[in-house]
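Novice: What follows is each chain in one-letter form.
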Amino acid sequence: MSAPGPVGLVARLDGARVVVCAGPGGVGKTTTAAAIGLALAGRGRRVAVVTIDPARRLADALGLGTLANDPERVAPDRLAALGVEPPGELWASMLDPQRTFDGLIAELSPDLATRERVLTNPLYRQISGAAGGSHEFTAVARLHDLVADERFDVVVLDTPPSRNALDFLDAPDRIAGFLEGRAVQALLGQGRTGIAARVARRGTGLALSALQRLTGVDVVRDLATFFEALGPLTAGFSARAVAVRAILRDDRTRFVVVSGPGPLPSAEARFFREHLRTVGMPFTGLIVNRVEAVPAGPERDGAAVAAGLSAVLGDALAAKVGRTWDEHRERAARDAEAVAELATAVGDPRPAVVAALDGEVFDLPALAAVRDQLLAG
Amino acid sequence: MPEDLLQRRLVVVTGKGGVGKSTVAAALGVLAARSGRRAVVAEVGRRGDVLDTLLSPADRPAGGATTDDDDDDGFVERAVPVRGASGTLHHVSISPEAALREYLRDQLPIPAIADLLGSGKVFTGLTAATPGLRELLALGKVWELAQPVRRTPGAEPYDLCILDAPASGHAVSTLSAPVQFARTARVGPVARQGATIAATLGDPAQTAVVVVATAEELPVSEALELEDALGGRVGIHVALGVVNGVLPDRFSAADRDALAAGAPHDPAIAVADVHARRAHDQQRQLARFRRGFRRPVVTLPAATGRRLGPDDVDALADRLEQGLRRLRADGPGTTR
Chain A
1 MSAPGPVGLV ARLDGARVVV CAGPGGVGKT TTAAAIGLAL AGRGRRVAVV TIDPARRLAD
61 ALGLGTLAND PERVAPDRLA ALGVEPPGEL WASMLDPQRT FDGLIAELSP DLATRERVLT
121 NPLYRQISGA AGGSHEFTAV ARLHDLVADE RFDVVVLDTP PSRNALDFLD APDRIAGFLE
181 GRAVQALLGQ GRTGIAARVA RRGTGLALSA LQRLTGVDVV RDLATFFEAL GPLTAGFSAR
241 AVAVRAILRD DRTRFVVVSG PGPLPSAEAR FFREHLRTVG MPFTGLIVNR VEAVPAGPER
301 DGAAVAAGLS AVLGDALAAK VGRTWDEHRE RAARDAEAVA ELATAVGDPR PAVVAALDGE
361 VFDLPALAAV RDQLLAG
Chain B
1 MPEDLLQRRL VVVTGKGGVG KSTVAAALGV LAARSGRRAV VAEVGRRGDV LDTLLSPADR
61 PAGGATTDDD DDDGFVERAV PVRGASGTLH HVSISPEAAL REYLRDQLPI PAIADLLGSG
121 KVFTGLTAAT PGLRELLALG KVWELAQPVR RTPGAEPYDL CILDAPASGH AVSTLSAPVQ
181 FARTARVGPV ARQGATIAAT LGDPAQTAVV VVATAEELPV SEALELEDAL GGRVGIHVAL
241 GVVNGVLPDR FSAADRDALA AGAPHDPAIA VADVHARRAH DQQRQLARFR RGFRRPVVTL
301 PAATGRRLGP DDVDALADRL EQGLRRLRAD GPGTTR
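Which chain is which? The protein sequence lines are A and B, in order. For what it's worth, this note's numbering labels the leading residue of the first sequence as 1, then goes sequentially. For what it's worth, this note's numbering labels the leading residue of the second sequence as 1, then goes sequentially.
Simulated from the structure, these hints should not be mistaken for laboratory data. Predicted model only: the values in this text are computed from it and were never measured. Please note: incorrect hints may appear among the correct ones.
[As the list claims (entries may be wrong)] Stretches of chain B that chain A covers, calculated by requiring three or more beta carbons in the stretch to come under 8 Å of a beta carbon on chain A:
no. : region
1   : 148-157
2   : 256-263
3   : 268-280
Glycine residues also receive a C-beta, built at the ideal position from the N, C-alpha and C atoms.
Using the sequences plus the hints, can you model the full thing?
Specialist: Below, the structure written as structure tokens:
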């Protein structure tokens with residue numbers, strides 16, 4: 001059962017091989033990914049959580065010191081304290097785009113010379129570094145590796161915290177399409193018709209001469225050298241892209257949209273949901289974080305609260321408590337409305353709602369508290 | 001100094017994702033319009049976050065602000081109403097694709113050839129493959145908007161362009177694209193343009209960065225890193241820090257003790273206690289930000305509305321103005 005429906009969110013993740021958490025930045029997506037990992041480990045799965053940009057204290061909380069590109073296992077005794085018993089396991093890692101990209105090049109290079117040519121190319125350093133897009137691309141590259149890794153039953157993937165986060169869904173298609181496309185073929189060419197040769201001969205096509213005119217001859221020459229170096233890897237890239245496409249569209253892959261109740265995150269969450277529809281990927285469910293809970297107890301306003309407490313607290317403090325109470329009730333009512341509206345908009349009749357916590361989540365018990373709310377949802 | 005913020009030609013607003021950059025950019029736009037300026041808020045490659053907050057629902061284009069997007073040939077510089085302003089505010093959304101087409105039309109003598117190239121797969125593929133070129137082209141358009149004499153034929157100049165920049169990491173790569181290009185391309189028109197844009201960005205009299213954060217650990221850390229990266233490596237003047245969503249710190253330590261001793265089962269006391277703790281944590285992060293950030297810092301209250309609309313942006317602009325005025329009153333010595 002993976003479609004949004006009457007079953008709680010974590011139950012919809014049963015049997016999943018991959019769980020992708022998508023959503024806007026600043027809504028606690030990384031924490032959610034870790035909490036989902038903890039929940040699935042509690043259901044006996046061996047889980048690898050890949051985070052993009054975790055708080056250092058989250059790593060500390062997991063007892064890992066730092067998170068590295070290779071998953072590290074959270075100590076079983078720490079998990080046992082949270083009710084996670086074998087065969088459940090939790091592993092965590094942090095995406096390192098540079099190392100992942102280098103690893104991919106090493107793996108796909110037919111020989112050592114090709115590999116060195118690519119890795120030492122100055123444009124490669126630029127493309128594979130922090131430049132926009134590489135996070136998306138390397139996230140799927142990493143996903144591919146971890147899905148193939150027999151140590152794990154399920155991989156939970158946090159996505160890059162940006163508006164183009166979902167670019168990674170198209171990344172394999174784009175990379176393959178690009179490498180096979182006419183642009184690169186124009187650059188690579190065959191033998192003496194390749195662009196480096198053509199640049200040298202100064203006889204270039206319209207598009208190339210325009211690009212030269214735009215960027216200068218040096219850039220075009222550097223590009224040509226780069227793609228010539230990359231040439232032998234093209235087939236490997238394409239095969240890899242096909243494999244990743246298959247993983248993302250596998251019926252054991254689940255997409256969870258994470259949001260907050262505020263107007264901007266909600267708008268972005270809808271956008272993510274819509275994007276999933278556009279690229280034809282399934283939507284498993286909605287998680288709304290940082291929702292203010294409606295206070296229990298009899299209905300009363302801040303004035304009544306202040307009047308009732310002034311004998312105990314004094315007028316001034318009681319008035320402040322009353323004002324805080326009114327603000328809180330307002331916010332809770334607003335959040336409840338926002339959650340309902342968002343749930344309808346994305347089409348999940350039973351979203352998981354995680355209450356706003358007192359502080360940020362920086363230890364395992366706090367993470368377990370989030371997990372418990374997800375399980376209750 | 002931050003009080004001169006609106007006297008720059010270009011103000012770049014950035015910060016971690018989800019901290020409210022777009023609302024701060026919109027509020028700065030409102031302030032600029034109130035001060036009598038002709039200002040424009042530019043979004044890069046996004047879908048009208050700012051526009052949605054500036055327009056009341058009735059004024060929003062049918063189908064959302066998202067319709068006048070990429071495929072448009074030019075850029076829509078839409079005027080947005082600002083209450084009680086002697087100046088004007090405009091909004092524009094910049095897609096790298098449209099920036100490329102405009103740039104080609106500028107550079108190539110025959111418009112038909114420019115259009116042919118701009119819509120061709122080979123050429124757009126090549127442009128996409130050139131690292132930093134898309135960022136450079138988008139930034140080129142932002143630069144154009146900030147010029148006292150516009151390159152776009154017939155376009156009226158703005159006094160101030162406010163860029164609602166991408167989130168931290170992406171912002172650094174976008175803003176360093178001109179320098180990088182000037183360096184890699186060495187010769188050619190793009191290298192020249194890269195150098196021109198880099199000169200504008202690097203001139204503190206023309207360009208300033210506003211770093212936005214919330215009073216939480218990660219946003220503060222990212223804001224501090226941003227200041228280092230932008231102010232140092234990229235070489236753009238950081239003028240101001242804005243901390244968004246700050247709760248009123250209304251409970252003193254004595255209050256908190258009294259709350260703890262008060263009626264423990266009253267949910268209102270529990271709510272007050274949580275508020276006090278959150279506000280306290282925020283103040284700690286705020287203090288950490290002020291310690292680490294080398295520029296002045298102003299705070300903005302948490303937004304209250306279900307949807308952010310022109311009224312909320314107006315209110316935020318008021319608060320921002322008060323904050324800036326207070327900085328000025330405190331004098332230049334307080335740039336902790």
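Novice: For each hint, tell me whether it holds in the structure or not.
Specialist: Checked hints:
no., hint, verdict
1, 148-157, "violated (count 0)"
2, 256-263, "holds (count 4)"
3, 268-280, "holds (count 9)"
Against the hints set out earlier in the document, a violation occurs for number 1 only.
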